[in-house]
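We have chain A; now place chains B and C onto it with these hints.
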Amino acid sequence: MKRESKSGAWMVLLGAAALLVLVTALENTLNPTSNIMLFMALQKGAVYALVAVSMNLLNGFTGLFSLGQAGFMLLGAYTYAILTMPVENREAVYYIYNGCAVNFSLPELLGGGPVGLVLGVVIALILGGCAAAAVAWLIGLPVLRLKSDYLAIATLGFGEIIRAIFQWDKLGPVTNGANALKSFPTFSSFNIPGGLRLSTFMAFLLAGICIAVIVLLINSTYGRAFKAIRDDEVAAEAMGIHLAKHKRLAFCISSFFAGVGGGMFVMFANQAQAKTFTTAMTYEILLIVVIGGIGSVSGSCIAAFLYVAASEWWLRFLDTEIILSNGFKVPFLRTGFRMVVFSIIIMIVVLFFRRGIMGDKELPDLLRPRRKEGAGK
Amino acid sequence: MQYAISILLSGISLGGQYALIAIGYTMVYGILRLINFAHGDVFMVAGLMMVYLSAALPLGLALPLVLLLTVLLGFLIERAAYKPLRTAPRMSVMISAIGVSYLLQNLATYATGGLPQMYPEIPGLSATVTIAGTSVKWATVVTPFLVVALVIALTQLINHTKTGMAMRAVAKDFETAQLIGIRLNAVISVTFVIGSFLAGIGSMLYFTNYQSVVPLSGALPGLRAFVAAVFGGIGSVPGAVVGAFIIGLSESVIKGSNWSVFSDAFTFALLIVILVVKPTGLFGEKVTDKV
Amino acid sequence: MSENLLKIENITMQFGGVVAVDNLNLEVNKGEIVALIGPNGAGKTTAFNVVTGVYQPTNGAVWFQGEKIIENHPQGKMKAMYKGQHAGEYSQILAPTPDKVTRLGMARTFQNIRLWKSQTVFDNVLIAKHCRVNSNVFSAAFRLNRKEEAEQRANVEALLETVGLADVKDELATSLPYGKQRRLEIARALAAEPQLLLLDEPAAGMNPQETDELTAFIGEIRERFQLTIFLIEHHMNLVMDISERIYVLDFGELIAQGTPAEIQNNKRVIDAYLGVSEDA
Numbered sequence: 001m002k003r004e005s006k007s008g009a010w011m012v013l014l015g016a017a018a019l020l021v022l023v024t025a026l027e028n029t030l031n032p033t034s035n036i037m038l039f040m041a042l043q044k045g046a047v048y049a050l051v052a053v054s055m056n057l058l059n060g061f062t063g064l065f066s067l068g069q070a071g072f073m074l075l076g077a078y079t080y081a082i083l084t085m086p087v088e089n090r091e092a093v094y095y096i097y098n099g100c101a102v103n104f105s106l107p108e109l110l111g112g113g114p115v116g117l118v119l120g121v122v123i124a125l126i127l128g129g130c131a132a133a134a135v136a137w138l139i140g141l142p143v144l145r146l147k148s149d150y151l152a153i154a155t156l157g158f159g160e161i162i163r164a165i166f167q168w169d170k171l172g173p174v175t176n177g178a179n180a181l182k183s184f185p186t187f188s189s190f191n192i193p194g195g196l197r198l199s200t201f202m203a204f205l206l207a208g209i210c211i212a213v214i215v216l217l218i219n220s221t222y223g224r225a226f227k228a229i230r231d232d233e234v235a236a237e238a239m240g241i242h243l244a245k246h247k248r249l250a251f252c253i254s255s256f257f258a259g260v261g262g263g264m265f266v267m268f269a270n271q272a273q274a275k276t277f278t279t280a281m282t283y284e285i286l287l288i289v290v291i292g293g294i295g296s297v298s299g300s301c302i303a304a305f306l307y308v309a310a311s312e313w314w315l316r317f318l319d320t321e322i323i324l325s326n327g328f329k330v331p332f333l334r335t336g337f338r339m340v341v342f343s344i345i346i347m348i349v350v351l352f353f354r355r356g357i358m359g360d361k362e363l364p365d366l367l368r369p370r371r372k373e374g375a376g377k
Numbered sequence: 378m379q380y381a382i383s384i385l386l387s388g389i390s391l392g393g394q395y396a397l398i399a400i401g402y403t404m405v406y407g408i409l410r411l412i413n414f415a416h417g418d419v420f421m422v423a424g425l426m427m428v429y430l431s432a433a434l435p436l437g438l439a440l441p442l443v444l445l446l447t448v449l450l451g452f453l454i455e456r457a458a459y460k461p462l463r464t465a466p467r468m469s470v471m472i473s474a475i476g477v478s479y480l481l482q483n484l485a486t487y488a489t490g491g492l493p494q495m496y497p498e499i500p501g502l503s504a505t506v507t508i509a510g511t512s513v514k515w516a517t518v519v520t521p522f523l524v525v526a527l528v529i530a531l532t533q534l535i536n537h538t539k540t541g542m543a544m545r546a547v548a549k550d551f552e553t554a555q556l557i558g559i560r561l562n563a564v565i566s567v568t569f570v571i572g573s574f575l576a577g578i579g580s581m582l583y584f585t586n587y588q589s590v591v592p593l594s595g596a597l598p599g600l601r602a603f604v605a606a607v608f609g610g611i612g613s614v615p616g617a618v619v620g621a622f623i624i625g626l627s628e629s630v631i632k633g634s635n636w637s638v639f640s641d642a643f644t645f646a647l648l649i650v651i652l653v654v655k656p657t658g659l660f661g662e663k664v665t666d667k668v
Numbered sequence: 669m670s671e672n673l674l675k676i677e678n679i680t681m682q683f684g685g686v687v688a689v690d691n692l693n694l695e696v697n698k699g700e701i702v703a704l705i706g707p708n709g710a711g712k713t714t715a716f717n718v719v720t721g722v723y724q725p726t727n728g729a730v731w732f733q734g735e736k737i738i739e740n741h742p743q744g745k746m747k748a749m750y751k752g753q754h755a756g757e758y759s760q761i762l763a764p765t766p767d768k769v770t771r772l773g774m775a776r777t778f779q780n781i782r783l784w785k786s787q788t789v790f791d792n793v794l795i796a797k798h799c800r801v802n803s804n805v806f807s808a809a810f811r812l813n814r815k816e817e818a819e820q821r822a823n824v825e826a827l828l829e830t831v832g833l834a835d836v837k838d839e840l841a842t843s844l845p846y847g848k849q850r851r852l853e854i855a856r857a858l859a860a861e862p863q864l865l866l867l868d869e870p871a872a873g874m875n876p877q878e879t880d881e882l883t884a885f886i887g888e889i890r891e892r893f894q895l896t897i898f899l900i901e902h903h904m905n906l907v908m909d910i911s912e913r914i915y916v917l918d919f920g921e922l923i924a925q926g927t928p929a930e931i932q933n934n935k936r937v938i939d940a941y942l943g944v945s946e947d948a
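Residue numbers (this note's numbering), protein chains in the order written: chain A, 1 to 377; chain B, 378 to 668; chain C, 669 to 948.
Watch out, some of these pointers could steer you wrong.
[What the hints assert, rightly or not] Sample of chain A residues facing chain C (criterion: CB under 8 Å; computed from the structure):
| # | residue |
| --- | --- |
| 1 | V213 |
| 2 | S220 |
| 3 | H242 |
[Unchecked claim] Using C-beta positions, here's what the derived DEER-type ranges look like:
| # | chain 1 | residue 1 | chain 2 | residue 2 | range |
| --- | --- | --- | --- | --- | --- |
| 4 | C | E735 | A | L141 | 25 to 35 Å |
| 5 | A | V21 | C | E891 | 54 to 64 Å |
| 6 | A | S7 | C | K785 | 25 to 35 Å |
| 7 | C | E930 | A | N219 | 47 to 57 Å |
| 8 | B | N536 | A | A280 | 33 to 43 Å |
[To be verified] List of simulated lysine-lysine pairs, PhoX-like, C-alpha gap at most 20 Å:
| # | chain 1 | residue 1 | chain 2 | residue 2 |
| --- | --- | --- | --- | --- |
| 9 | C | K675 | C | K736 |
| 10 | B | K549 | A | K147 |
| 11 | C | K768 | C | K675 |
| 12 | C | K837 | C | K848 |
| 13 | C | K785 | C | K837 |
| 14 | A | K170 | B | K632 |
| 15 | C | K698 | C | K675 |
| 16 | C | K848 | C | K785 |
| 17 | C | K837 | A | K361 |
| 18 | B | K539 | B | K549 |
| 19 | C | K736 | C | K698 |
| 20 | B | K655 | A | K147 |
| 21 | B | K655 | C | K745 |
| 22 | C | K785 | A | K361 |
| 23 | A | K275 | A | K170 |
| 24 | C | K736 | C | K768 |
| 25 | A | K147 | A | K245 |
| 26 | C | K768 | A | K245 |
| 27 | A | K275 | A | K182 |
Hints listed in this document are in silico derivations from the structure and should not be mistaken for laboratory results. Just so you know, these numbers come straight off a predicted model, no measurement behind them. Glycine included, every Cβ here is placed at the ideal spot set by N, Cα and C.
With the rest of the complex left out, here is chain A:
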């Protein structure tokens, strides 16, 4: 048993390393402009995988139905953008508010150059996560006492409140009001000019580390306590698990990683604007979790890449009118059709394949030989 789980861990680690090497190889051999869709999908997929896993930690593993993900991402995104934007760019970005109230930039404080950049970005992402976790800690106290669907609607409402606050004019010198924050370090800042291209590698590395930490947590004694709460709250409490404390812990940790994911999302999107972090974004992530399988980390990851690739890349053609060579115009194809097809696919998954791609299994579970027959007899 023990050895088996150990070899499983090695397998996962090896797989992850191979994936990183593959991504770096792809990035440096394929033409980045003609394959832009591929790399966009990979980067966004990595970000969404992290956010989906963080949501799964809460919804799938602890059984708390929360819809605040976009709000926590927003907190992380703004923290990251404000802390890393080079000071010289601030005047231009905050032109409406005559400059920014925050006048330092972490990468510069840390000495600039590649080291400063890497350290600054990592620290800013972590601080973004901490900001989200701190807010989660505050609102967790009242909100987590609510039952399932009330919790969902309260967290949804919380997301809306956060968005309104960040768009507020009076906070303009910090948040730039309803305008976008721009020109902070993005994934492409990690491409070494004339050398290795590392933008997609960076996205995978950061997401991979975070997901690994979440997996470690899920398999620890605390993760087991979360699952006990999901399976039977009354029994969990009777067996000495402090419900309020553990729910709050799960909520804060999930929000922390949503915050980090938010920071990474703006690294991908090149700009941070409150209006992107809508309820629709939370729904998108929820649907990824459902498609992947509620309670499966690898399911969430696979679904994130599939979802992003399908919606941003593979199904793109549905949005453009196609006229065949014989003059036949393919019906239905025009702007918006892609999303219609997409939502129908989602409804089919929700209604008929309720367990999603992975159910509550993980990839290594599937690879492991079935060892029920004759075992122990």
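Just chains B and C now, kept in the frame of chain A:
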């Protein structure tokens, strides 16, 4: 003074329109314990259908047809997306509701090309009238009266007809109601039909005031109406109406002040406060969970 | 020496106007097996829920290991509605949550089995160890608690061996036959390292053979873990076989207490169970 009156009037009318949506939420929640996330979008689709049908048909025909189609839509959504999940965990049904909402919004974007659609003028509702020096649309004036009339009719239906009695029984206890021979699916369908019908009427009043319909038009009014339903005590029709008027008035007051960005934030903050302080709302019944 | 481990003192539990438990006084001494019996609806499970912190009593106190752990008195609306005795004798409010009570050293099972359904037998028991964990979430996530974790796992292995579930440890808890699920629930409670084990109808739904096995099992674990056991039960064979003392509840009131032999011959108990004939 004039300003105050105009804010008061728009608040009351907004409240009335939210009330018509909120009733749909509260009734469905009362029976299925489901937040029907798609309800706001049904409201939006009703608005869009009006836009398209009134362009093709005379208004006298388009109006009832819109209501009929809205009712049909609500009925179909329940049959297609919620009925198959009757025995599934509540989370699945809620996800299905979110999926339907997503589908309706995307369908609307496809149909409209994402462009705002002008809502047709409805004679009698779109005309303006001057009250105490403030000019408002008739829709604003008519709304509260229409709402009160519809709510009275609805409470009569719930309290004094056989269908109403069945609805109350199902809301009280799902399983027992089935055991005593109440046709569950029929009752649930009736609930969705009533909810959608009221949302259809609500959309006519609402969009006459706001004039344009976009695919996301239903999302926020829907959420606000839901908050209203919770505020009044979910499951209670009069509660939903009172809650809706309070939400409508406060929204209108905040929109008229310097804090207009916070109007939705206020609504949701109110929701969180109610849920924490008095989860049963103003008129809700207390439900205790058995250990 | 009769050092009492658990003492229920003047406990009254009133729901609205209904008095479910009326002025219950009861003691469980160290090392004893004590049973609480009574007809359906007598208030046995309610009393259990009060002791374990699920319900807050309306009035009275509970002592555990010589310390007062639960206390309450009628408040608010209940002040006027209170029908029980000893009003005004209690002024403190002590209302620990069930998890806290468990950490103090009592663990329970449930009348209708409540195992964690998606977990294996092994994990069900392992999770119950969580309340004895010293590591925080960081050290646990980053595997800095290897030693503690390994110790826990070894402990659970040993415990499963003792209760005879070692051969099914990787099965899903819910795939076990009914009798074994009961046994697993007891094993899970033991994993929380209690001094007092509370069993809520452990033999409910069991056939005579399974009941006999369970009786032997309860005796065994008491010896091995030096437990004190407080149980609710309907199966009189089991109760009479293993309990040292018995308390009898009827309509929320204690109507008798004593050794099994005394209880078997107590007229009030017989009446409560069989009903009083009309012409008596």
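Point to revise | 20 Å limit on alpha-carbon distance, applied to hinted pair K275 (chain A) and K170 (chain A) | key: holds, 17 Å
Exercise for review: Take a look at whether the Cβ-Cβ distance between N536 (chain B) and A280 (chain A) falls inside 33 to 43 Å.
Suggested key: holds, 40 Å
Exercise for review: Could you grab the alpha-carbon distance between K655 (chain B) and K745 (chain C) and see if it respects the 20 Å cut-off?
Suggested key: holds, 17 Å
Review point. Regarding the pair K768 (chain C) and K675 (chain C), is the alpha-carbon distance no greater than 20 Å?
Key: holds, 17 Å
Check your understanding: Range hint 25 to 35 Å: satisfied by the CB atoms of S7 (chain A) and K785 (chain C)?
Key -> holds, 28 Å
Review point. Does the nearest C-beta of chain C fall within a distance shorter than 8 Å of the C-beta of S220 (chain A)?
Key: holds, 4 Å
Exercise for review: Take the C-alpha atoms of K275 (chain A) and K182 (chain A), compute the straight-line distance between them, and say whether it is at most 20 Å.
Suggested key: holds, 14 Å
Exercise for review: Quickly compare the C-alpha distance for K837 (chain C) and K361 (chain A) to 20 Å and report which way the hint goes.
Suggested key: holds, 19 Å
Exercise for review: Report holds or violated for the interface hint on V213 (chain A), using the least CB-CB distance to chain C and a cut-off of 8 Å.
Suggested key: holds, 6 Å
Check your understanding: Range hint 54 to 64 Å: satisfied by the CB atoms of V21 (chain A) and E891 (chain C)?
Key -> At 59 Å between Cβs, range holds.
Exercise for review: Verify the proposed pairing of K837 (chain C) with K848 (chain C), using a straight-line Cα cut of 20 Å.
Suggested key: Within the cut-off at roughly 11 Å; holds.
Check your understanding: Can the restraint linking K147 (chain A) and K245 (chain A) be considered satisfied, given a maximum Cα separation of 20 Å?
Key -> Between K147 (chain A) and K245 (chain A) the Cα gap is close to 16 Å, so the pair holds against 20 Å.
Hint compliance for this structure: every hint is met.
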